[in-house]
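Undergrad: If you want the building blocks of each chain, they are given just below.
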Amino acid sequence: MSALRRTPLHAIHQRLGARLVPFAGFEMPVQYRSILEEHAAVRRAAGLFDVSHMGQIHLRGAGALDSVERLVSCPVASLRRGRVRYGLLCNEDGGIVDDITVYRSAEDAFLLCVNAANIEKDWRWIVRHADPRTELANRSDETGLLALQGPAALAILAPLCDFDPARLRRFQFAEGLVAGGAALVSRTGYTGSDGFELYVDANRIVPLFEALLDAGRPHGLVPAGLGARDTLRLEAALPLYGHELDDTTSPLEAGLERFVKRAAGGFLGAEAIERRAAAGLTRLLVGFVLEGRGIARAGHAIAHEGREVGIVTSGAPSPTLGKPIGLGYVPPALAAPGTAIDIVVREHPVAARIVSTPFISN
Amino acid sequence: MADYEIPGDLRYTREDEWIRIEGDRVTIGITDYAQQQLGDIVFVELPAVGTPVERGEPFGVVESVKAVSDLYAPVSGEVVEANPDLANHPEHINEDCYGDGWMITIQINDPADLETLIDATQYQQHVQDRSSE
Numbered sequence: 089m090s091a092l093r094r095t096p097l098h099a100i101h102q103r104l105g106a107r108l109v110p111f112a113g114f115e116m117p118v119q120y121r122s123i124l125e126e127h128a129a130v131r132r133a134a135g136l137f138d139v140s141h142m143g144q145i146h147l148r149g150a151g152a153l154d155s156v157e158r159l160v161s162c163p164v165a166s167l168r169r170g171r172v173r174y175g176l177l178c179n180e181d182g183g184i185v186d187d188i189t190v191y192r193s194a195e196d197a198f199l200l201c202v203n204a205a206n207i208e209k210d211w212r213w214i215v216r217h218a219d220p221r222t223e224l225a226n227r228s229d230e231t232g233l234l235a236l237q238g239p240a241a242l243a244i245l246a247p248l249c250d251f252d253p254a255r256l257r258r259f260q261f262a263e264g265l266v267a268g269g270a271a272l273v274s275r276t277g278y279t280g281s282d283g284f285e286l287y288v289d290a291n292r293i294v295p296l297f298e299a300l301l302d303a304g305r306p307h308g309l310v311p312a313g314l315g316a317r318d319t320l321r322l323e324a325a326l327p328l329y330g331h332e333l334d335d336t337t338s339p340l341e342a343g344l345e346r347f348v349k350r351a352a353g354g355f356l357g358a359e360a361i362e363r364r365a366a367a368g369l370t371r372l373l374v375g376f377v378l379e380g381r382g383i384a385r386a387g388h389a390i391a392h393e394g395r396e397v398g399i400v401t402s403g404a405p406s407p408t409l410g411k412p413i414g415l416g417y418v419p420p421a422l423a424a425p426g427t428a429i430d431i432v433v434r435e436h437p438v439a440a441r442i443v444s445t446p447f448i449s450n
Numbered sequence: 007m008a009d010y011e012i013p014g015d016l017r018y019t020r021e022d023e024w025i026r027i028e029g030d031r032v033t034i035g036i037t038d039y040a041q042q043q044l045g046d047i048v049f050v051e052l053p054a055v056g057t058p059v060e061r062g063e064p065f066g067v068v069e070s071v072k073a074v075s076d077l078y079a080p081v082s083g084e085v086v087e088a089n090p091d092l093a094n095h096p097e098h099i100n101e102d103c104y105g106d107g108w109m110i111t112i113q114i115n116d117p118a119d120l121e122t123l124i125d126a127t128q129y130q131q132h133v134q135d136r137s138s139e
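Residue numbers (my numbering), protein chains in the order written: chain A, 89 to 450; chain L, 7 to 139.
Keep in mind that the hints are not guaranteed to be accurate.
Residues from chain L that face chain A, not an exhaustive set, calculated with beta carbons under 7 Å [to be verified]:
{"#": "1", "residue": "Gly45"}
{"#": "2", "residue": "Val48"}
{"#": "3", "residue": "Glu69"}
{"#": "4", "residue": "Val71"}
Over 12 Å on every C-beta distance to chain L, these chain A residues come out as not near it, computed from the model [as the list claims (entries may be wrong)]:
{"#": "5", "residue": "Ile100"}
{"#": "6", "residue": "Arg212"}
{"#": "7", "residue": "Asp219"}
{"#": "8", "residue": "Arg221"}
{"#": "9", "residue": "Cys249"}
{"#": "10", "residue": "Asp334"}
{"#": "11", "residue": "Gly343"}
{"#": "12", "residue": "Lys349"}
{"#": "13", "residue": "Gly353"}
{"#": "14", "residue": "Arg371"}
{"#": "15", "residue": "Ile399"}
{"#": "16", "residue": "Ala421"}
{"#": "17", "residue": "Ala439"}
{"#": "18", "residue": "Arg441"}
{"#": "19", "residue": "Ser444"}
Over 10 Å on every C-beta distance to chain A, these chain L residues come out as not near it, computed from the model [what the hints assert, rightly or not]:
{"#": "20", "residue": "Arg26"}
{"#": "21", "residue": "Gly29"}
{"#": "22", "residue": "Gln113"}
{"#": "23", "residue": "Gln134"}
The set of hints was computed from the structure by calculation and includes no laboratory data. For clarity, every value in this text was computed on a predicted model and none was experimentally measured. A virtual CB, placed ideally from N, CA and C, is assigned to each residue, including glycine.
Work the whole structure out from these sequences, hints included.
TA: Shown next, in the form of structure tokens:
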């Protein structure tokens, strides 16, 4: 295995007492003090996450719009400048290459924010399928990304900006100065709480991180790691690539239909997605809450009336609900909320019930 | 580097369990190093009283928010007590791993098993070796 990469904040994470673990080829903080404390801080006040491992791919020029429309499942021509949309890169079999966000900064300029584990795969895919008139740039290494998440995020961020971040509604972004440095700030996140994501030059991320931590301390801001990020996104039922999604998953199985321009089609994978839908989906992603004793984990079997019917893709205790929750795939006939299932934990069935998602309302 | 409490009067395993020897009974828990490594503990599965356990084999499970870890029996014998409070208060292991966070008491079969345990100084070294990796 090749050496783990580090973000520019590595030394600060160490100084803050973070436990660093390998994640998608990077050495990343999984927690600083406590996943439960960091999770609670994001729900009640705010948390600051280093997510610089994520990738940024820019498309620009005459072919950019055609390229993004062809590459991404969500509609892009109708995306206005300063707006963000969630979408999928799909392969010719209708499987998911990656789940991404698309930023439109000009008529002919787009930023795709992609998962760290998929940067190289996405880059090859985009290079192969982009309109040749498109200028492509993979700026993942030069770009730092912080996520400031939680109900106090706006109050913490606003005094540091030379613009008013309050005017950004969900899935809008602006470019301006934050703590004296250029940043792209979007009202987006991966926690199910309000918040912002801040893209800056990698060499600016240390002062930005420190300025946000200092400004946020009186508001209850804490540095938060990937452990809390995972429990937060799970409560919000946001899929994680490699767990709920992979190269074989149809977006329709994963409940992502609203991010797919089905009527218009025209994107890579569209025909296969429709073909698979017409043939009948064999599984659907559902959320469940455990009623018996035990914690569901990825890879556990899902059983119904003593028969194995599916698999858990993510599972953890929900700090907000105070009980274990999970996501997993089951046959469509068993996907209705209220259906009783069992999660097979170390060979013992533990009672669970399918519920509508997200698990928490914001 | 973080500090870990390692009481001098206990024995230890290289799997990060502590053992308090009281005649032919031993009480077992996980060390301060182990609980800090695991983080917030949210679930514990322990064997019922009367269950036979075998040295080196898993006897239970401890789960943190992110991770599932097996617990290994440091000696062979029979479970004569299991901490009844941990089912509802697994956080006792984080708060007081050498006290309220105790897990089980075993009636040992063969006192020779105790010779395989390491003392606090050896365990301290074992923790340091891994921390400096």
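Undergrad: All the hints need checking, so say for each whether the structure fits it.
TA: Verification of the supplied hints:
{"no.": "1", "hint": "Gly45", "verdict": "6 Å, holds"}
{"no.": "2", "hint": "Val48", "verdict": "5 Å, holds"}
{"no.": "3", "hint": "Glu69", "verdict": "5 Å, holds"}
{"no.": "4", "hint": "Val71", "verdict": "4 Å, holds"}
{"no.": "5", "hint": "Ile100", "verdict": "17 Å, holds"}
{"no.": "6", "hint": "Arg212", "verdict": "31 Å, holds"}
{"no.": "7", "hint": "Asp219", "verdict": "42 Å, holds"}
{"no.": "8", "hint": "Arg221", "verdict": "46 Å, holds"}
{"no.": "9", "hint": "Cys249", "verdict": "33 Å, holds"}
{"no.": "10", "hint": "Asp334", "verdict": "21 Å, holds"}
{"no.": "11", "hint": "Gly343", "verdict": "24 Å, holds"}
{"no.": "12", "hint": "Lys349", "verdict": "36 Å, holds"}
{"no.": "13", "hint": "Gly353", "verdict": "40 Å, holds"}
{"no.": "14", "hint": "Arg371", "verdict": "25 Å, holds"}
{"no.": "15", "hint": "Ile399", "verdict": "16 Å, holds"}
{"no.": "16", "hint": "Ala421", "verdict": "31 Å, holds"}
{"no.": "17", "hint": "Ala439", "verdict": "16 Å, holds"}
{"no.": "18", "hint": "Arg441", "verdict": "19 Å, holds"}
{"no.": "19", "hint": "Ser444", "verdict": "24 Å, holds"}
{"no.": "20", "hint": "Arg26", "verdict": "27 Å, holds"}
{"no.": "21", "hint": "Gly29", "verdict": "33 Å, holds"}
{"no.": "22", "hint": "Gln113", "verdict": "25 Å, holds"}
{"no.": "23", "hint": "Gln134", "verdict": "17 Å, holds"}
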